[in-house]
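Quick note, the sequences are listed as chains A and B, same order.
Number 217 in my numbering belongs to position 79 of the first sequence; there are no gaps in the numbering.
Number 268 in my numbering belongs to position 130 of the second sequence; there are no gaps in the numbering.
These aren't lab readings, by the way, just hints derived from the structure by calculation.
Be aware that a few hints might be false.
[What the hints assert, rightly or not] Computed cross-link-like contacts, SDA-like style, restricted to lysine to any residue with a CA-CA straight-line distance of at most 25 Å: (1) A/K208 / B/I333; (2) A/K208 / B/Q184; (3) B/K208 / B/Q184; (4) A/K140 / A/G328; (5) B/K208 / A/E281; (6) B/K208 / A/K140; (7) B/K208 / A/R332; (8) A/K208 / B/G331.
Protein chains: 2
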Amino acid sequence: MKILLIGATGKLGTAVGEALTGRGHEVITVGRTGGDLRYDIADPAQVTEVYERAGSVDAVVGTAGDVPYKPVLEMSPEDYRSAFHGKVLNQIELVRQGVPRIAERGSFTLITGVLGRDPIPTSSAASMANGAVEAFVRAAAIEIAPQRINAISPTVFTESLEKYGDFFPGIRPVDLAEVAQAYVRSVEGGQTGRIYTLE
Amino acid sequence: MKILLIGATGKLGTAVGEALTGRGHEVITVGRTGGDLRYDIADPAQVTEVYERAGSVDAVVGTAGDVPYKPVLEMSPEDYRSAFHGKVLNQIELVRQGVPRIAERGSFTLITGVLGRDPIPTSSAASMANGAVEAFVRAAAIEIAPQRINAISPTVFTESLEKYGDFFPGIRPVDLAEVAQAYVRSVEGGQTGRIYTLE
């Protein structure tokens, strides 16, 4: 398959790219600062450009989202808006603009995360964004068939424990390679409207 | 208790107001077009004014949200933004601005809905908003204690079946009076971070 991969330079994007390439797929990477196509998909107009540049694809895979982490009382309305634009609306736009452009039986795989169901202090914007994306995935799935849409919702990565481990006390991490396999499962499988949790 | 009730003129707001008044509480109603205080809480600045006018309260109760209903392919980015402002950010602002203002052991009860877990065609914005609010509730709960926060997530109301029944084929409705009791349970109980589902 020809697969559009958003989040080219991140740890997860790199792992997913390797897994998909390893399965024989052609991967077009998109990132703000690296990748085959350099765009910021938080801007709906740049999503359009990405699709125009990429041409016909079979699957769209999201691995990146930007959200602020602060206590609720230190958040501003702008912080929640930025989480909405940085992890929710950008991924919705991949779908909304992608449905008429990708293959008839193509698929979308979006990224959420454990904080939607199991928050930590300072995660209210991240949690909100993850909950929004997962509910959108369930809703879009029943409209876009035979195209498919799923979300991948991992806990903290083993490879990020040194940096983020203190925020996830007592929580068993998941290897990036295992998360990447969930993307493979979503892209090559037949399921839709599923949230693949890894924890 | 002194309770701030958002959504004064809606079917649900009216039922919740009656239930809370029936329990002996003092209810201050807020609505765009009716109620003791007339404000649009989709505007964060008006949320501030509501709290300044209301003075000290023990509980804040949300019963209203505005979201567009259209197929995914007919939605625009602005539609999803309006759902975010009309049902997510407005309720987040009630909490964010309310925490320093309401009673030390006060509570927030927000409104979501069945479409977050069980979508219908055209509900992607509503579903997204409900998922966002429920995840925010779980996240805020672990930060704001001993204040509490819950959400009420009802299916279609018996009293709205004539108008909306066709959108919920085969789905057993719930009486407004029963939904109102879930608000009583959230306001007077000790739970936090809970999503009370009614279906």
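Structure-based check of each hint:
Restraint check: the Cα-Cα separation between A/K208 and B/I333 comes to about 23 Å, which is no more than 25 Å; the hinted pair holds. As the CA atoms of A/K208 and B/Q184 are separated by approximately 24 Å, the hinted pair is consistent with the 25 Å bound. For a cut-off of 25 Å, the pair hint linking B/K208 to B/Q184 is broken: about 28 Å separates their Cα positions. Distance restraint check for A/K140 and A/G328: the Cα-Cα separation of roughly 17 Å lies within the 25 Å cut-off, and the hinted pair is therefore satisfied.
For the hint pairing B/K208 with A/E281, the CA-to-CA distance comes to about 11 Å; that is within 25 Å, so the pair holds. Simply put, B/K208 and A/K140 have alpha-carbon atoms about 30 Å apart, too far for the 25 Å limit, and the pair is violated. Restraint check for B/K208 and A/R332: satisfied, since their Cα atoms lie roughly 22 Å apart, inside the 25 Å limit. As the CA atoms of A/K208 and B/G331 are separated by approximately 19 Å, the hinted pair is consistent with the 25 Å bound.
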